[in-house]
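Enquirer: Chain by chain, the residues:
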Amino acid sequence: MSKFEALDGNAAVATAMRQINPDVVAAYPITPQTATVQTFSEYVNDGLVDTEFVTVESEHSAMSACVGASAAGARVMTATAANGLALMWEIVYIAASSRLPIVMSLVNRALSGPINIHPDHSDVMGMRDAGWIILMSENGQEAYDNIIQAIRIGEHADVLLPVAVCQDGFITGHGLERVEIYDDSEVQDFIGTYKPQWPLLDLNNPKTYGPLDFYDYYYEHKRQQIQGMENATPVILEVTKEFNERFDRNYGLFEAYRLDDADVAVVVANSTAGTAKTVVDRMRDEGLKVGMLKIRLFRPFPAEELAKALSHLEAVAVMDRSVSFGAMDNAGPLYLELLAALTAHGVSVPTMDYVYGLGGRDILPGEIERVFNDALDAAQSGEVERRVTYLSVRE
Amino acid sequence: MSELKGWKEIPIGGMILEAGNAVEYETGDWRAFRPVFGEAECINCFQCWLNCPDSSILVDAENEEMMGFDLKHCKGCGICASVCPVNARVRKKAEEELERNDPRLCIRMVEEGKFEEAGDE
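Protein chains in written order, with my numbering: chain A, 1 to 395; chain B, 1 to 121.
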């Protein structure tokens with residue numbers, strides 16, 4: 001029997017970690033993720049888990065310890081945010097290229113500088129080419145559910161890639177919500193036992209991880225990594241379907257909210273999707289045919305499926321909580337990626353970008369309504385008046 | 001160079017799943033200088049065999065005899081020539097400073113591709 005608890009996003013993830021009972025957790029505290037590892041360390045102290053908790057002196061060491069433990073054959077988890085992730089950088093790539101299914105809870109926060117502790121997506125967007133699977137979560141429930149699924153996805157024999165599960169710092173990370181917590185045994189049963197194929201600790205079959213790899217084979221190993229990413233989408237669909245059936249959920253590669261009969265839509269990730277739904281409902285009451293698409297899977301980017309889901313629209317407004325400095329029109333990464341997807345799959349629809357909420361700047365329903373109104377105007381004229389708007393920045 | 005394999009044929013992540021397969025990696029083509037025997041007779045002390053970082057000194061263990069160099073793997077570092085006590089004796093006896101390719105040495109280091117010029121092979 002599952003039960004409902006009042007938990008913030010960090011506590012929800014810590015609870016998932018307790019139920020997963022990973023062999024090793026190596027982490028360093030950083031706002032707004034601290035509550036996750038702090039809560040989890042109490043579970044370790046209280047003997048609620050069998051986890052070896054490695055307290056390290058930095059995030060670079062945290063990810064290094066994760067890599068070592070995962071290569072040894074352990075089920076490994078960590079958590080971080082913003083500058084912590086940035087400090088992990090070198091090893092973040094090594095985890096992926098060594099094909100180690102480490103699961104990371106990433107509580108999104110703006111990268112310094114100037115120093116800021118509040119949410120935006122500059123941290124996760126920086127790791128988009130690092131080779132990790134990236135799942136986004138609207139609220140604590142989704143973060144909890146995604147973390148549990150991430151174990152299965154990353155460890156799948158056809159994938160073997162690390163997985164980052166994102167949620168917005170403070171807004172959901174520290175926001176108390178009603179979260180359905182499943183039975184410990186149900187979670188254990190769903191994730192199953194980890195059977196590493198090439199554990200270093202299998203002393204009868206000695207092997208080497210991370211050797212020198214030059215021009216003669218490095219490229220072939222990168223090609224294998226591409227295949228792991230390519231295999232991930234069907235695996236995610238399979239794991240998600242099983243999760244949905246067992247726990248009565250309705251996840252997919254993305255969430256379409258009142259999208260089927262919509263004329264225009266907003267594409268958004270993480271907590272702002274919740275606000276956007278409220279705005280969609282309000283505008284629908286006024287007879288305006290607006291909808292929303294919420295990104296769940298950012299890596300691998302489900303380009304074809306997204307293009308198909310948006311193909312009937314007359315205008316699309318992407319909301320980006322980060323900016324890709326110097327990219328085309330100084331747009332956000334989600335917009336650039338989606339625009340490429342639409343173009344590649346022959347969907348010709350006016351598409352605009354709205355950069356918002358940098359450094360935790362509030363995003364209010366009225367602003368999202370303005371985005372929808374712009375989209376409705378673009379739908380009517382068939383033209384994009386301004387490709388990129390920096391929403392609510394003071395002139 | 002051994003036959004290069006495709007991405008579907010090799011372990012993922014750069015993993016090496018068999019122990020001791022470094023021998024398959026032929027590092028001999030990195031070499032700029034090649035060790036060759038000179039005039040001074042080898043005393044089979046095995047100092048070169050002990051010190052070679054690439055296990056590239058070939059020996060006949062049964063007859064306790066130094067046989068030559070495994071040129072598929074020798075990188076030409078010259079440690080064998082540096083540690084050779086016969087070389088040390090030849091250098092000490094010579095009245096002048098000897099080049100490392102001097103024919104009077106026991107183990108000489110000759111520039112790759114210049115053996116004929118130096119009168120070798």
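The reader is advised that the hints may include incorrect statements.
Claimed, not checked - Now the in silico label distances, taken between C-beta atoms and shown as ranges:
(1) Y219/A x T27/B: 16 to 22 Å
(2) Q227/A x E18/B: 43 to 49 Å
(3) H345/A x N21/B: 34 to 40 Å
Unchecked claim - Non-contacting residues of chain B with respect to chain A, defined by C-beta distances greater than 10 Å in every case (computed):
(4) E18
(5) N63
(6) G68
(7) E111
Note that these hints are calculated values from the structure, not bench results. Ideal placement from N, C-alpha and C gives every residue a C-beta, glycine not left out.
Enquirer: A separate judgement is required for each hint: does it hold in the structure or not?
Expert: Now for the hints, and whether the structure bears them out:
Restraint check, Y219/A to T27/B: a C-beta distance of roughly 20 Å satisfies the suggested window 16 to 22 Å. A C-beta distance of roughly 23 Å is found between Q227/A and E18/B, which places it outside the suggested range of 43 to 49 Å. Separation of H345/A from N21/B is about 45 Å and departs from the stated range, judged on CB atoms against 34 to 40 Å. A Cβ of chain A approaches the Cβ of E18/B within 10 Å, the least distance being about 8 Å, so the stated non-interface status is violated.
Annotated as non-interface, N63/B keeps its C-beta farther than 10 Å from every C-beta of chain A; the closest such distance is 33 Å. For G68/B, the requirement that its beta carbon stay farther than 10 Å from each beta carbon of chain A is met, with the minimum near 28 Å. No Cβ of chain A comes within 10 Å of the Cβ of E111/B; the nearest lies about 25 Å off, and the non-interface call holds.
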